[in-house]
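A.B. asks: Chain by chain, the residues run as shown.
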Amino acid sequence: MSDQETVLKGVNAIKGGPRALRLYMDVCAKCGTCAEVCPVYYGKQDPKYNPANRSDLIRSLYKRHNTLAGKIFGGLSGAKDFDQAEFEEWQDIFYSCTTCRRCAQFCPVGIDNSVITRKGRTILDGLGRTPARLQKVVKTALDTHNTDGASADAFNAAIAFIEEEMREEHGVDIKIPVDVVGAEYFYLPPSGDALVNIEATMGVAKVFHVLGMGDKWTMSSKCFDGANYGLFTGNDAHMKATNKACVDEAKRLGVKVLLMGECGHAHRVMKRMMESSKWWGDLPFQVINCMEWTAEQIRAGKLQFDKSKNPESVTYHDPCNFAKSCNIIEAPRVILRAACTEVREMTPHGAENWCCGGGGGLAAMNEILEFRMTVSGVKKHEQIKATGAEYVATACANCKRQLAQLMEHHKEDIAVGGVHDMLSRAILVDGKAANRKCYD
Amino acid sequence: MSNTAFLVGGILPYLAVVVFLVGVGYRLRVWWRVPQPAPMTLYPTKGSSFASLAKEALFFPSLYRGDKTMWLLSWSFHATLALAFLGHLRVVTGLLDRGMGSVGVGAPGIETLSAIAGGAAGIVLGVTVVTLLLRRIFVARVREISKAPDFLALLLLLAVLTCGNLMRFGGTHFDLAQTRTWAASLLAFSPVVPASPAFLLHLFFAELLLLYVAFSKLMHFGGLFFTFSLIKGSQP
Chain A
-5 MSDQETVLKG
5 VNAIKGGPRA
15 LRLYMDVCAK
25 CGTCAEVCPV
35 YYGKQDPKYN
45 PANRSDLIRS
55 LYKRHNTLAG
65 KIFGGLSGAK
75 DFDQAEFEEW
85 QDIFYSCTTC
95 RRCAQFCPVG
105 IDNSVITRKG
115 RTILDGLGRT
125 PARLQKVVKT
135 ALDTHNTDGA
145 SADAFNAAIA
155 FIEEEMREEH
165 GVDIKIPVDV
175 VGAEYFYLPP
185 SGDALVNIEA
195 TMGVAKVFHV
205 LGMGDKWTMS
215 SKCFDGANYG
225 LFTGNDAHMK
235 ATNKACVDEA
245 KRLGVKVLLM
255 GECGHAHRVM
265 KRMMESSKWW
275 GDLPFQVINC
285 MEWTAEQIRA
295 GKLQFDKSKN
305 PESVTYHDPC
315 NFAKSCNIIE
325 APRVILRAAC
335 TEVREMTPHG
345 AENWCCGGGG
355 GLAAMNEILE
365 FRMTVSGVKK
375 HEQIKATGAE
385 YVATACANCK
395 RQLAQLMEHH
405 KEDIAVGGVH
415 DMLSRAILVD
425 GKAANRKCYD
Chain B
89 MSNTAFLVGG
99 ILPYLAVVVF
109 LVGVGYRLRV
119 WWRVPQPAPM
129 TLYPTKGSSF
139 ASLAKEALFF
149 PSLYRGDKTM
159 WLLSWSFHAT
169 LALAFLGHLR
179 VVTGLLDRGM
189 GSVGVGAPGI
199 ETLSAIAGGA
209 AGIVLGVTVV
219 TLLLRRIFVA
229 RVREISKAPD
239 FLALLLLLAV
249 LTCGNLMRFG
259 GTHFDLAQTR
269 TWAASLLAFS
279 PVVPASPAFL
289 LHLFFAELLL
299 LYVAFSKLMH
309 FGGLFFTFSL
319 IKGSQP
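From first to last, the protein sequence lines stand for chains A and B. All residue numbers for the first sequence refer to my numbering, where the first residue is -5 and numbers rise by one. All residue numbers for the second sequence refer to my numbering, where the first residue is 89 and numbers rise by one.
Hint data in this document are derived by calculation from the structure and do not stem from the laboratory. Since the structure is predicted, the reported quantities are computational estimates derived from the model, not experimental observations. Ideal Cβ positions, reconstructed from N, Cα and C, are used throughout, including at glycine. Any given hint could be a false lead.
As the list claims (entries may be wrong) - Simulated pairs of lysine-lysine, PhoX-like, Cα-Cα distance not exceeding 25 angstroms:
1. B:LYS235 <-> A:LYS379
2. A:LYS210 <-> A:LYS303
3. A:LYS42 <-> B:LYS235
Unchecked claim - Simulated DEER-style distance windows between Cβ atoms:
4. A:ILE87 <-> B:LYS156: 43 to 51 angstroms
5. A:GLU402 <-> B:ALA208: 51 to 59 angstroms
6. B:VAL193 <-> A:ASN6: 42 to 50 angstroms
7. B:HIS166 <-> A:LEU121: 37 to 45 angstroms
8. A:GLU324 <-> B:PHE173: 56 to 64 angstroms
9. A:LEU422 <-> B:HIS166: 55 to 63 angstroms
10. B:LYS156 <-> A:GLY206: 48 to 56 angstroms
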C-alpha cells in the first residue's frame, strides 16, 4: 500500500471511534487557547507547533473523506487532500508534541490533543516511520523485557551493589529480595532506578526495612522495568505485549500488590489503562504507586527523618502522567516535606504544572535535544529558576533526563533527582540517617 | 408577497428548522453510539461529573483558567447569544409577556425592558463578534489556525445580528405584532410573510446559520457535553 492509502485508512477508521477521537474531528472551535497553554508553542511560536494545526493534519484529511461538507466543498470546509510533501513532515510534527494533556485542561470544548497526536504516531508506526531511536527502545523492551537491554545477571549485580551501598550508609543489612514467589509486594520501577539512578530503589528498600517488612516484598530479575514505549509510538500491540510480561510476572510471583515505581507513564499504563480497561480480565493483585504507599506510612507516623540531611531548597516537578492522568499529586509532596528542610512550589503546580518538555517519549530522543532545550523545555526552565530551588525532585525517568539536560544546557547549578532519593538520604534506620557519600 | 419573500419567510423557515433538528439529532446520535473503549479521566476532577459538565457548559471554567481575556470575550458572546435567543421567543409565544405581567410589569414596562435588554444584547453581540473576527485576523496563534469555515461562521453571525440591530436602531423598527402574526401563520402551515426587507434579510441569514450548524464546528455546543464527560468522568 502507498503512504496515501495507509494514512487514509487510518484516518477514515476514526469514523468508528474511539468516541474521543471522533468528537475531536468535529468540535474544535479554533479559538487558539491550546496554543496559549502549550509548553512547545510557548517555547517557539511556530505555526507547526500550534496544537490546533498539528491536530488539523489529521482533521482536514478526515473531513475530506468522511463529512458531507468536506466531500462537497473540499477546502472551503477546512478539508484537505492527502499531500505527500506534507506527510513527510508528520514525524517531525507529531514528535514535537509532548502529549502532556495540558491543552485539554484549558480547552473550552474539552479536546485532548494528545489523543490526536497518538493517532498520528500510530499511523506513522504502521508505515515504519517511528523515529529510529524509539523503534530501538521498543524492540529492546520486547526482546529483553527492559528498555536498557540489561540481562538478569546485570540486574542482580546492580542489586548487590545497591545492598552494599546501603550497608555502608547505615551499617546494617537492608535487603532487596529478588524473585521471591509468594511475596506481598512486587516493586516495578523504571529500569534506570535499579541500574543507574539507584537512590530511589534504595529509598523504597529502606522504607520496607524500617517497617519490618523487609521480607514482604520482591523485585524480579526477569521483569524490572515498568517503562512502556508502545504508549509513545502509538502501537497498541507493542504496548499490550510489554504490559503483559509485567502482569504475568506479578501473577507468577503471586503478589497482592504491584508497587509501581517513580515512572509516570508506566504507572498510567498499568493503572489507568490495563487495570481500568481490564486488558487481562480481573487481577489477583492491586496496582498502587510506591509514592502513595510511602506517603501513607509517613501519614501514619511510621517513618522518621533527619531533615538536616537535605538542607538544600527543593522544588517538585509534577510529571504529567502522574498529576494529570493519575491524580498522584499530594503523595510526592508528603514525602518531600517529611524528608527535606524546605520545599518550594512552582507556579503553577500540581495538575496544571507545565510539562518538562520531554514527555511522550521525546526525552529519549537525542536527535531532538536542541528542540527540547530551546523550545519545549523553555517554560520549565523559567519555572524552576523562578523558585530559586537548588534541587528539582521529580518522579519520572523521562522528566529526570530532560530536566538534567535542561539544567546543564542553561548552565544552572541545580541538581535533579527522584522523590525517594531524598527520602533515602534522610530516613532514620535504627534511629540513624545515612552516613552518605556524595552521589552527585 | 413576492416570490423571494415567500421563499425566505414561508419555505426556508421549515427547511432550516428541519435540517437543524435532524442534522443536530443525527450528529448527537452518532457521537452517542461511537464506542469509547478506554476511560481518559483528566485530573483534577471535582464533584460529580454532571456538575462539572453543567459548569463547563454554563460558565466555561476551563477557558477562564487558561485565557482570561478570551474567556471574557467568549462568555459574554455566548451568554448574550442565549439572552438574545430567549428574547426572540417573544416572537412566537406570549409566555414571557404573561410571566412579566404576573409579577406586575405591564405592557409598556415590557417594551422598555425589551428595548433596553434587546438593544444592549445587540450591541454586546456586535462588539464581541467583531472582536472575535479581529482576533482571528490579527492574533498570530489564532490567525495561523483559521480557515474558511472559521471566518464563515463569524461572518454569518455578523450578518444576522447586523440586520437585527438595523431593525432596532435603524429607520424601520421591527413590528412585533406583525412578526407574531407571521410566526402564528407558520405554525398553522399557511405562511403570511411581512414585506420588511430588513426583517427578511435578518431572517434569511438566520436560516443560513441554522442550516449550517449541523455541518460545521458550531456543533461544539452539543459536542462539549460528550468531550467533557470523557475527561471529567470519574474514575476510582
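A.B. asks: Could you run down the list of hints and mark each one as holding or not?
C.D. replies: Structure-based check of all given hints:
1. B:LYS235 <-> A:LYS379: violated (39 angstroms)
2. A:LYS210 <-> A:LYS303: Measuring from Cα to Cα gives roughly 28 angstroms; hence the hint is violated.
3. A:LYS42 <-> B:LYS235: holds (15 angstroms)
4. A:ILE87 <-> B:LYS156: 43 to 51 angstroms: violated (29 angstroms)
5. A:GLU402 <-> B:ALA208: 51 to 59 angstroms: With Cβ atoms ~58 angstroms apart, the hint holds.
6. B:VAL193 <-> A:ASN6: 42 to 50 angstroms: violated (57 angstroms)
7. B:HIS166 <-> A:LEU121: 37 to 45 angstroms: Since the Cβ atoms of B:HIS166 and A:LEU121 sit about 42 angstroms apart, the hinted range of 37 to 45 angstroms holds.
8. A:GLU324 <-> B:PHE173: 56 to 64 angstroms: violated (44 angstroms)
9. A:LEU422 <-> B:HIS166: 55 to 63 angstroms: holds (58 angstroms)
10. B:LYS156 <-> A:GLY206: 48 to 56 angstroms: holds (53 angstroms)
Of the numbered hints given earlier, the model fails hints 1, 2, 4, 6, 8; all others are met.
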